[in-house]
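Enquirer: Chains D and F supply the protein sequences, listed in that same order. Quick note on numbering: our numbering labels position 148 of the first sequence as 898, and the sequence is numbered without any gaps. Quick note on numbering: our numbering labels position 81 of the second sequence as 88, and the sequence is numbered without any gaps.
Derived from the structure by calculation, the hints contain no laboratory data. The beta carbon of each residue, even a glycine, is placed where N, CA and C say it ideally should be.
Here are the simulated distance ranges between beta carbons:
1) F:Ala441 - D:Asp824: 43 to 49 angstroms
2) F:Asp421 - D:Gly826: 42 to 48 angstroms
3) D:Gln922 - F:Asn486: 30 to 36 angstroms
4) F:Asn486 - D:Ala832: 57 to 63 angstroms
5) F:Pro531 - D:Thr1084: 43 to 49 angstroms
6) D:Glu1117 - F:Asn639: 36 to 42 angstroms
7) F:Asn486 - D:Glu861: 56 to 62 angstroms
8) F:Asp421 - D:Gln945: 27 to 33 angstroms
9) D:Ser872 - F:Phe478: 46 to 52 angstroms
10) D:Asp1119 - F:Pro638: 39 to 45 angstroms
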Amino acid sequence: MRSRAALANAMCRTCVVSVVIAVGCNPLPASEPAGERIVVAQVPAGAGVSMTRERLRPNARYPLGSRIVVASPDRGPGDVRALSGDLVAAGAPDVSPDSDSLLFAGRRTPESSWAVFEAGISGRRAPRVVVERDGDCIDPAYLGAGRIVVVCRESAGPPARGTGSWSLFTAQRDGSELERITFGPGPAFDPTPLQDGRILFSMWQAAGRGRPGQGAVALFTANPDGTLIEPFAGSHEPPELKVRARETGDGRVVFVADGADGRPPSLRQVEMRRPRATGAALELRAREAAIHLLDLGGVEPLADGGFLVAGRAAGPDGGPPQTWAVFRAGPSGTEMEGAFDDPGWDDVEAVPVESRAAPRGRPVFRERDRSTGAVVCYDARRSDGSVGPAGDRHPVSVSVQAAGVVAVAAASGSGSGSGTPPAPNASGPASGTELGLVPIEGDGSFFIEVPADRPIRVETRDAGGAVIAASEWFWVRPGEVRSCFGCHESRDAAPVNRVVAAIANPPVPLGSLAQAARR
Amino acid sequence: MSGGKGTPRGRVLMRAAGLLGALVLVAGWAAGRAWYPTHLEEVTGRADTPQRSCLYCHRRVEAPPVRTAANGSGYVSPEGVAVSADGRRLFVTAADADRLLEVDLARKQVVRAVEIPGRPHGVAVSADGRWVAVSSRDADRVSILDAATLEVRHTVASATEPLGVALSGDGSQVYVAGGASDDVLIAGVASGEVPVRLPAGNEPYAVSLSRSGRVLAVANRLAAPVPPRTIPHSELTFVDTTRRTVLAHRRLESAHMSEGVAISADASFALATILRIRNLLPLTQVDRGAVMNDAIAYVEVTPNGRTVQLPLSEVNAYFADPSGVVLTPDDRIAFVAHGGARLVTAVDVDAVRRLVAESDSDALAALADDMGASAQYVLARIPTLDNPRTMAMAPDGRRVYVAERLADSVAVIDVPELRVVDRIDLGGTRTLTAQRLGERVFHDASGTFQGQFSCRSCHPDGHSDGLIWDFEIDGVGQNLVETRSLRGIRDTAPFKWNGKNPDLATQCGPRFARVLTRSDPFTPARLGHLVAFIESLPLLPRRFPDELAEARERGRKLFFRERTNAGKPIPVAQRCQTCHRPPLLTDRLMADVGSDGSFDTPQLFELRASAPYLHDGRAVTLEEIWTVHSPNDTHGVTSDLTKVELNELVVYLRSL
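The following block holds chain D by itself, in its conformation from the complex:
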């Protein structure tokens, strides 16, 4: 599949990453069709699925009868082979880096929960269950170092630990050692590996610039063990829904964005070299007639620099929408053309069967035998200016707060309500429980021990006790020492090399926090 032209293009792209002036590095025209084979998630035609706005409703995305097939676009829609076996519904395929296998979500019966299965691309191997538990598990993806990530919903448990919401879990490729790794107050979903070993995913945050009081869904990264949760892009930019992110081979991340403005979802892209400052639309342009997509099932980078896009196109001349189909676009979204369309089915997702470099692994930093982690802030006075200390108001203390889960009622059932993620209820994270108040050192630093695996945030306060700035909800894993370089500082900034007063002593323990809170 990776042709000479594709290789040449990949090499060429390597040399133009970060290039402002690049002369004589013209990508060769691709001489092959979209690919020899693609894996497609198919939904019975006319089911009326909504892929972007129903991210957390697998039943709505993949109604009964949906299936996974492998197809050869150049041989037409008749040449498909089902890979999902006897499952009554299936979707969300991801192809392994060696292009031998695929993971997907499926249901054995109409009553059963969604589970994650693995099958061979060849179709000769029946699907075997990989992750199956009481709650639903969907959207699997292959990681590095022989691990996988899935999105699961806890079915029961204490609300304070975020149960009832969708969270990321990682496991060995055979499903063993399944471990929850995200602990935000709202749902985390749509994971995809980055080549450097981190997981990129969508997560609701309270302070995003979405609908007033409802937060937004932005892109975040974390290690496969859940440590080092970091905003990646889109935390402070509309629209409020950013999902289905994928890293390209040329230093970009593309994703599906959707707003509340009534316009259809669109593709956007950021550059890895500066994701928070390079957001731009990835415009899909057809060679001849324009193709307007009303919904997007996802975008998958191809080895030759192009993309596979599954979408539902508007009908010609304002006619009724066409069925879902698979399109192929060039590296910059140019010359989009139809690649695959099975008339009897809605082709809602498509993944190329291409070998690619496996993502790197990352060591495990979480320590199972611990129940707490720590947060060290190097300088709470350091800010990007958008929030935080102003004038004579200097942070002198930090309030540590813990939250319960945001009950996303609409997403709490497999088949009911709106799956648009997410909207906190009235008792959401804004009303966190204060664990304690800790003085900030004169140099702006503090070092505190915090409970692990639950949503927490910190608020800096001035001498009068007034709030200066509050962090977004985050978590630490057991044994993790989480460093904060400032308080809402630029996320492009590295820390300043300086002596940090707070680390002269061990972290302020929880007992002291409670004591301080009582005072």
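Dock chain F against the given chain D, drawing on the hints supplied.
Expert: Coordinates of chain F only, in the frame set by chain D:
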């Protein structure tokens, strides 16, 4: 025979002999067991020494090897490159072959090789095209060759580990960075006048002469030794070559490892490659440049000129070990070779100058830690082969020649196109030994998360960066440790200051990945190669002034003394030689010398270049070990020494 083995009597005798032997063994074992603690205490002077096998001490070991002339490996390892004045020839120092190579750039092949003993390093061509200067790092001299015949016409002695070298326009003056003497040497090539030495920071490494020849910029590699919890700094030195005086020392805070410098044609500014370091912060993560990042320093030469550090990294990508830097003749584009990233970065110098001109001092200071800033001035990332280090610009500014040190080749970059258009094979063996493969691993940052740093980033030339780090694994803010040298450590296991790693494979294994590189551990093959390379690292040749020979000898006697000046016996445990036992100058045991705990006893080789001292670098100088940090003779008995004697002891230690 009646006593044969097969007879009953023979069998009885055999059994008796076996029994006797067993009894002897048991008796010997019992006696040894009773004697061993006594022996151990006699040797170490301590009753708490853990028991080891006899071979732990009584094995055949020798002092670590010292690097000698060409190592016979068959590799070329180009260290320095310079283009002839007419742009037709390229001169390349072949460090591992002890040769200067002449490359015909039209034919793209080596056409001549002359022997330059002593590990040739830097090379420069005079502007008039007549002379070529080559520094011999291990031979302490600079050879001045006729550029046409490549015959050595003059030799300038420089007992300073000569590294970077430059020639005045007519070749009459040579400027040499003295890595071991911490100065820059200015000498007449043939005049016989007394050379001038000017201080130029800790381990001066590279020099660059302005077009007029009046200003010389000198970059130094290591930060000045400072106590723990102190911001380190290196510096860029400007020299007035006419007056032979220092124009300025410019501080580069939280920066070091400058291996390249390029001064603009009009001598208005210089660019120096740096690693921006964050060693005062706990190493809780490497993400977001939390440990270090690659950068350049833009330094204006004028008296009140600005010094700005500009990251070359990106938010999610790092390009480790920036080394050489060159400017186009019009000073509009700079090229930086990243030894750990297999690429060259092209920098829009005009954009840098605009950015500097339009920013206030606060904004310029913030730039140093802004990983997104490089998008404003980086033009291209140009892939190369292994370990690109030094570069040379063609006189017409259309080509850059990049020494790919561990690929034995030179990449040719087309400046207008900003891409490699040719590659020149320098010869050398194609066989890749485990050591050579390990050397590549050592210099390759791809094993670290996002390529942030390589082994070499903290161990330049296998030595130490002289910095003090705070590893999370030892407790945040606690147990700071100074980087230890890797040279000559083959037989000195265990490793780490806490002595917990029994061998180098453990030291560089999965735990290392969790603590430091924060990515996949090395594969077993790469780990094996890396260990082979580290074990092969020799010591550098010793440099010792003849005039101190007598003082050194007196210092040696003090080191090995067994009685105080008053004639009182020094307890075994407090004699220098007990813990720092020859030939390795370490007994490989833990010792408490009053520095807040027990630590692995370090070997003492190359102490001169290993400041600061003690496990956490609390002693900035060797003298401080005893004058400040051993007030009660906790670190050997030295309180009876006179000031002169202590100095003599230090002279001896610095000579090791």
